[in-house]
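Undergrad: In case you want the letters, here they are:
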Amino acid sequence: MNYEDLLYELATNDKRYIIITAENRAAIRTLPQKISDQFLDTGITEQTMVGVAAGMALRGRIPIVHALATFLTMRAFEFIRTDVGIGNLPVKIVGAVPGFLSDANGPTHQSIEDISLMRGIPNMKIFCPADEDEMLKGLTKVFADESPFYIRYNNQKPLVEHDDFEIGKAEIFGDGKDIAILTYGFLFNQAYQAKELLEEKGYNIRLINLRTPKPIDEDAVLNAANDCKLLVTLEDHFITGGLFSILSELLLKNKRTADVLPIALMDKWFKPALLNDVLEYEGFTAIQVAEKIINKLKP
Amino acid sequence: MTKDEIKKLQDQALRVREHIIRMSGNGGCFIGASLSCADLTVFLYNKFLNTTKDNLQDQNRDYLFLSKGHDVPALYGTFVELGWMEKDRLKNHLKTNDNIYWHPNRNIPGIEFHSGSLGHLLSVSLGVAVDCKLKKQNNKVVTIVGDGELNEGSNWEALLVASAHKVDNLCIVVDRNAFQANMQTEDLIPLEPLEKKFEAFGCSVKRINGHDFEEMEKAFSSFPFQKNKVSVIIADTIRGKGLPSIEKRADRWFVNFKDEEVEALLKELHGVAKAELTSETLTVR
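Chains as they are written, first to last, in our numbering: chain A, 2 to 300; chain B, 1148 to 1432.
These are calculated hints, taken from the structure and not from any lab test.
There's no promise every hint is true.
Between beta-carbon pairs, the in silico distance windows are [stated by the list, open to error]: (1) A:Glu79 x B:Lys1343: 27 to 37 Å; (2) B:Gln1206 x A:Asn205: 22 to 32 Å; (3) A:Arg17 x B:Gly1174: 34 to 44 Å; (4) A:Pro216 x B:Thr1199: 34 to 44 Å; (5) A:Glu147 x B:Met1148: 40 to 50 Å; (6) A:Glu79 x B:Pro1371: 22 to 32 Å; (7) B:Gly1174 x A:Ala145: 56 to 66 Å.
Below 20 Å or equal to it, Euclidean Cα-Cα: the simulated SDA-like pairs (lysine to any residue) are [said to hold, decoys possible]: (8) B:Lys1313 x A:Ile45; (9) B:Lys1282 x A:Asp42; (10) B:Lys1280 x A:Arg60; (11) B:Lys1282 x A:Ser37; (12) A:Lys35 x B:His1312; (13) A:Lys202 x A:Glu292; (14) B:Lys1280 x A:Tyr18; (15) B:Lys1282 x A:Ile36; (16) A:Lys16 x B:Gln1284; (17) B:Lys1200 x A:Arg60; (18) B:Lys1280 x A:Arg17; (19) B:Lys1376 x A:Asp42; (20) A:Lys35 x B:Leu1281; (21) B:Lys1280 x A:Asp15; (22) B:Lys1280 x A:Glu292; (23) B:Lys1313 x A:Gly44; (24) B:Lys1313 x A:Pro33; (25) A:Lys178 x A:Asn205; (26) B:Lys1283 x A:Tyr18; (27) B:Lys1280 x A:Lys202; (28) B:Lys1283 x A:Asp15; (29) A:Lys138 x A:Ile122; (30) B:Lys1282 x A:Tyr18; (31) B:Lys1155 x B:Asp1359; (32) A:Lys16 x B:Lys1395; (33) B:Lys1280 x A:Thr241; (34) B:Lys1283 x A:Ile45; (35) B:Lys1280 x A:Ser37; (36) A:Lys16 x B:Gly1418; (37) B:Lys1283 x A:Asn205; (38) B:Lys1283 x A:Arg17; (39) B:Lys1282 x A:Arg17; (40) B:Lys1395 x B:Gly1418.
We treat Cβ as the ideally placed atom computed from N, Cα and C, and that holds for glycine.
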C-alpha cells in the first residue's frame, strides 16, 4: 500500500473525502482517473485551493489538499489561518517536499518554518511522519480527526516498523537515562542510527519520535526531562518556532529546566544539493549527530 | 414585479437602512458601504434566494456569501426584517455578550461564513458551488464582493479557476459604489472597463442600477446568464445611499455617530432635514 492506494481506499469508502490539488499531482497521479467525482485540480493557485477546500468543508466534505509545503504554508497562510483555522474546518493540508526533502530546489522551496507557522493557528494539528510506514499508519486517524491538520508528507522508505499511531502520543524507543533524542519527521532515521552509534559507545539513549508536534506528547517530553541528563532536539526546521521552541515552552510552563542541545537550522537556509549531501554538509547525518552529542557531553 | 411588490421591497429596504443607521452609533460601523448594498440584500433574500429561516442548515438552500464583510449591518438589518433575528439583538452591536461586530460571524443564523479579510469568499463560495454541482444539486451560490475589494488578486485567481470549472451556479454581485476605503476607486486603482475585465476572465456579465428593484429582477431572473459560465452582476450603487449628508463622501467610510446625529440621520432618511454631522470619520487603513 502507498499513499495513493490509501486515499483511493478511503475515498471510495467514504464519499465525504475530496482530493484537491494545486497542480501538484506527484503523490496522487492515478487518482484523477479513478475517482474523478472526488478529485479537483484548481491549477497553480494555493490560496484559491485552500479557500475552495474551506467551502467544501462547509458542505460536510473532508478535503485533502496537496501542494508544495512551502507554498501552501506561506503563500496560502492567511487562507489557512482565516478560512480553515477560524472556521475550525476539517481540511487536511498535505505539504509536499517539506524540510530537507526539497533538497536541491533551493531556498524558495525550503519549507523550514512550516511547523512554526502552522502551530500558531488555533485548532490546527500537525503530523510529521518519520517515513512512509508511519505516514500510512497515521493518516487514517489524522484524516478522520475533526480538526484541521497539517501533514508534512514523507514517503521515504522506513528503517523500522512503527508502533500503532495515536494523535498526541509519541513513539518511544528505549528507556535510556543518559540522553533523550527528541525528533519528528524525516530526521527520525538519522536519529535512530545515531542512537545505535551512541549505544555502541556505551551511552544509554532514549529516542522519542514526536509524531504530532501539535498536540505534543507532554508526558513523554517531561519524563525525558526528569530522567535524562541531556535532551537533544533534532529537526529540519529553523531553530525558531519548531521543536526546540516547543520544548522550551513546555519546560518553562512546567517550571522545569534541562540541559538541551538543539540541532536545527540556525537562522539560515540550507545548502541546496542532493539529499545525502545536504545532510552531510549541514551536519545532520547520524554520525554527525552522534558526534555533536558526544562533544556536548565532554567536560 | 407589481408596483405593490416594489413598494414592499422599498419599505423593507428603508427599515433596513434605519437598522444600519442605529448601528452607526455606540461604536459605529461601516455605514457608507452598508447603505450601498442594502437594496441588494433585500432583493436577494426576498426575490432570488430560496433561503428561509427554516432551511438554513439544508444543503439544498441557496447560499449568500458576503465577501466585503464590513457591510454586515445590511445583512443584520435584512435578517431582522425577515424575522430571522430579534430586532433588540441589534442593540448588542459590539457587545461582548453577542457575536455582532464589525465583520460577519457565522454563529449568527444566516451568516454563511466569516469574512473581513478581503478577497477570501470568492474562493470559499467557489468550493461550495463546485460541491453543489458535484452532488448534482441545483442551488444557487451568490457572493457579494466590493469593488475596492477587487484590488485583491485572490479574486481574479478564483475567477480563473471558476471559469475553468464552468461553475455556472455561481453568481458574483459587485457592489460598485466606486469607493475604496478612503478614496474613489478610479483615483487609486481604476477598475473600468469592469465588464470587459470579467468577460476576459470567462464570465457572463450584466450591469444594473443596484438600487432599482425592477432592474434587479430583470437581471437576476435570467440567471445563469450563459451555460457553463460564471454570472456576474455589476450593481452600480451609491455609497451612503439614502442619506444625502454622507452619500458619495470619502470621509464617511466608517463613522461612530453621536446619539443626536443618529436621530438626525433617521430624520434625514425620511426626508425631514439634512443632518448636521460633526463626528469625524476614523481612518482605519
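Undergrad: If you check each hint against the structure, which ones fail?
TA: Of the numbered hints, 2, 7, 22, 27, 29, 32, 33, 34, 36 and 37 do not hold.
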